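S.K.: In order, the protein sequence lines correspond to chains A and B.
When the letters of the first sequence are read in order and numbered with numbering that gives the first Met the number 0, they come out as residues 0 to 219.
When the letters of the second sequence are read in order and numbered with numbering that gives the first Met the number 0, they come out as residues 0 to 250.
Please keep in mind that the hints were generated in silico from the structure rather than gathered at the bench.
Honestly, I wouldn't trust all of these hints.
[Stated by the list, open to error] Derived DSSO-like pairs: lysine-lysine, alpha-carbon spacing no greater than 30 Å straight-line:
no., chain 1, residue 1, chain 2, residue 2
1, B, LYS83, A, LYS42
2, B, LYS8, B, LYS151
3, A, LYS191, B, LYS20
4, A, LYS88, B, LYS151
5, B, LYS83, A, LYS5
6, B, LYS47, A, LYS88
7, B, LYS20, A, LYS5
8, A, LYS191, B, LYS17
9, A, LYS191, B, LYS15
10, B, LYS8, A, LYS5
11, A, LYS88, B, LYS17
12, A, LYS88, B, LYS8
13, B, LYS15, B, LYS151
14, A, LYS5, B, LYS115
15, B, LYS17, B, LYS47
16, B, LYS15, A, LYS148
17, B, LYS109, A, LYS191
18, B, LYS115, A, LYS191
19, B, LYS8, B, LYS200
[What the hints assert, rightly or not] Calculated Cβ distances over 12 Å to all of chain A for the following chain B residues:
no., residue
20, GLY21
21, ARG77
22, ILE103
23, VAL234
Only a predicted model underlies this, so the values are computations on that prediction, with no experimental measurement involved.
Just so you know, even glycine gets a beta-carbon here, dropped at the ideal spot from N, CA and C.
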Amino acid sequence: MGKPTKFLTSSVGRKITLALSGFFLCSFLVVHLVINLFALKAKPDGTGAEMFTQYGDFMATHPIIRPLEWSLFAGFLLHAVLGIFLFIKNRQARPVRYDMNRPSENSTWTSRFAWLTGILVGAFLVVHINTFFIQSRFIQHRPMIDFIKEAFASPAYVTFYMVALVFLGYHLKHGLQSAFQTLGLRVGRYEKLIDAIGVVFWLLIPIGFAIIPLYFLFAY
Amino acid sequence: MSEQTMNLKLKIWRQKDKNSKGQFVTYAMPGVSPDMSFLEMLDLLNLKLVRNGEEAVAFDHDCREGICGTCSMFINGRAHGPLKGITACQLHMRTFTDGETIVIEPWRAKAFPIIKDLVVDRSAFERIMQAGGFVSVRTGGAPDGNAIPISKAVADEAMDAAACIGCGACVAACKNGSAMLFVSAKVSQLALLPQGYAERKTRVEAMVAQMDAEGFGNCSNTYACEAECPKMISVEHIARLNREYVRAKLV
Ligand code: FES
C-alpha cells in the first residue's frame, strides 16, 4: 500500500486540527459568558459590579491566566488561519464553476457559508477586543465594567453586537456538529445528543451574550 | 406511450478536447416523449446532429440501469438531475416540463479534467483504489463462506458502503470538490469486515494521501454528497473514515 500521510499536511489531519481548535474556542465561550453574566449585577447607582470587577482583576493580573490567555490567542489564530487556508484550497479544487448550480437543494446555507460567518465573527472580534480588552488593559487602565457601561449605552453599538451574535450563532450551528463529524463522533446513537449540545451552543450561548448589551441599553 | 411530446431547449457544454476552451451550445429539441430516459433523449439529439453533419455530444454511459456509474452529468444545477437516489440514466423526461430549458454540464472538479463535452476523466478514483482499496490475500482454494461469522448489522453496513458505484456525484455536488464520500465508502466497507481489518491502518492513510494528491478539496461537512449520491450512501461512513484515520495515527 502507498505511503502514510503527515498529519498536518493531510486533509483529514488539518480538519481534525480545525475541529479541535473549534472545540477549544467553544470552551472559552462558555467561560466568557458565565463570567460576563456577573456584569448583570451592576446597578445604576454604581454598586453591584464588585464581583465582576474582581473577576476582571483576576483575569488581567494573575500569573496563572497568562499561559491560558496566550493559548487562547493561539487557538483563535490557528482556527482562523487553517479555516482560510482550507477555504482557499477548496476553491482551487473547482477552478471552473458551474453555470447552473442549485446547492440549496442539497445542503444548508449555514454549512456552505461557514467560512463567511467565520470571517464576519473574526472581524467583529477585532472591534470587540479593541473596545474592551485593549482599552481596559493597555490604554486606559480602567475597570472593565466602565467600558461595558459606556459601549452599551449606544444603540448603534448594541445593534452591531446583535448582528455579530447572529453570525456567531450561525457559525456555531454548522461548526459544532461539523467538528463532531470530523472527529468521527457524529454517528447514529450519538446524533441526538450532539444535536442537543448543538442547540445549547448555537442558540443559548448567543442569546446569553445578547442579554448583557440589552440590559445595559434598556434596564440600566 | 403517452401521446403528447415535449418541446425542450438543451443548453449543453461542448468542449472539443482536454485543452480547448469549452462553451455552451443551445439546441432546440422538439418531439421528446415523456417516457424517454434522459440518455435516450440525448441519443435522439445525437442522431439529429449526426444527420446534420454535426458532431455528436460525447457523454459517458454503459449499463443504463444505474449500476455502472458512468453517466456523469450535472443537469439543471444538480448531479444526475433533480431526483433523489438515481443516476442520470434512470431519470425520465416526465420529470421536466414542456418548453423548459435544460442545462447540462460535465462534473466540474480539478481532479476530474474534462476529456470532451460531458465526459470527464475519473481515473483519480482508480488511483485512490490502487493506493489502498483492496485486501492482500494469497490465492488458493476458496475458503468456506461461513468460516468467518459476521453479524448481520455489520454485514448490512458494509453492504451499504459497497453500494458505491464510483460515479463521482459526491465530488460534483460538493462545493469543495471533495471525494470524502467515495473514499470513506471504500475505507468503511473494508474496515468493517474481518478480511479488511488487517490492513485498516495503512489503507486509510494511503487512500487519504492519494485523495489529497489528486487535488480533491477538503470536506467541510455540508452533506451535499449524501443528498446527491444515487446510492444514498450515508455520511456516517465519512465519520468512520475520520475515526479510522485518528486510530491509524494514534495506535
Ligand atoms: S449508465 Fe450506468 S449508471 Fe447510468
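S.K.: Could you run down the list of hints and mark each one as holding or not?
M.R.: Hints and how they fare:
1. B:LYS83 x A:LYS42: Violated. LYS83 (chain B) to LYS42 (chain A) sits at ~58 Å, over the 30 Å cutoff.
2. B:LYS8 x B:LYS151: Given pair LYS8 (chain B), LYS151 (chain B) is violated - Cα atoms ~49 Å apart, limit 30 Å.
3. A:LYS191 x B:LYS20: 48 Å, violated
4. A:LYS88 x B:LYS151: Measuring from Cα to Cα gives roughly 40 Å; hence the hint is violated.
5. B:LYS83 x A:LYS5: Judged against 30 Å, a Cα distance of about 37 Å means the pair is violated.
6. B:LYS47 x A:LYS88: Violated - the C-alpha atoms of LYS88 (chain A) and LYS47 (chain B) are around 42 Å apart, more than 30 Å.
7. B:LYS20 x A:LYS5: Violated, at about 37 Å.
8. A:LYS191 x B:LYS17: 47 Å, violated
9. A:LYS191 x B:LYS15: 50 Å, violated
10. B:LYS8 x A:LYS5: Not OK: LYS8 (chain B) and LYS5 (chain A) at ~50 Å, beyond 30 Å, violated.
11. A:LYS88 x B:LYS17: 23 Å, holds
12. A:LYS88 x B:LYS8: Violated. LYS88 (chain A) to LYS8 (chain B) sits at ~36 Å, over the 30 Å cutoff.
13. B:LYS15 x B:LYS151: 50 Å, violated
14. A:LYS5 x B:LYS115: Judged against 30 Å, a Cα distance of about 36 Å means the pair is violated.
15. B:LYS17 x B:LYS47: 25 Å, holds
16. B:LYS15 x A:LYS148: The given pair, whose Cα atoms are some 67 Å apart, is violated under the 30 Å limit.
17. B:LYS109 x A:LYS191: 36 Å, violated
18. B:LYS115 x A:LYS191: 46 Å, violated
19. B:LYS8 x B:LYS200: Violated, at about 51 Å.
20. GLY21: With a cut-off of 12 Å, GLY21 (chain B) comes too close to chain A, as the shortest Cβ separation is near 9 Å.
21. ARG77: 6 Å, violated
22. ILE103: Contrary to the label, ILE103 (chain B) does not stay out of reach of chain A, its closest Cβ about 9 Å off (not over 12 Å).
23. VAL234: 7 Å, violated
Violated hints, in rising order: 1, 2, 3, 4, 5, 6, 7, 8, 9, 10, 12, 13, 14, 16, 17, 18, 19, 20, 21, 22, 23; the structure is consistent with all others.
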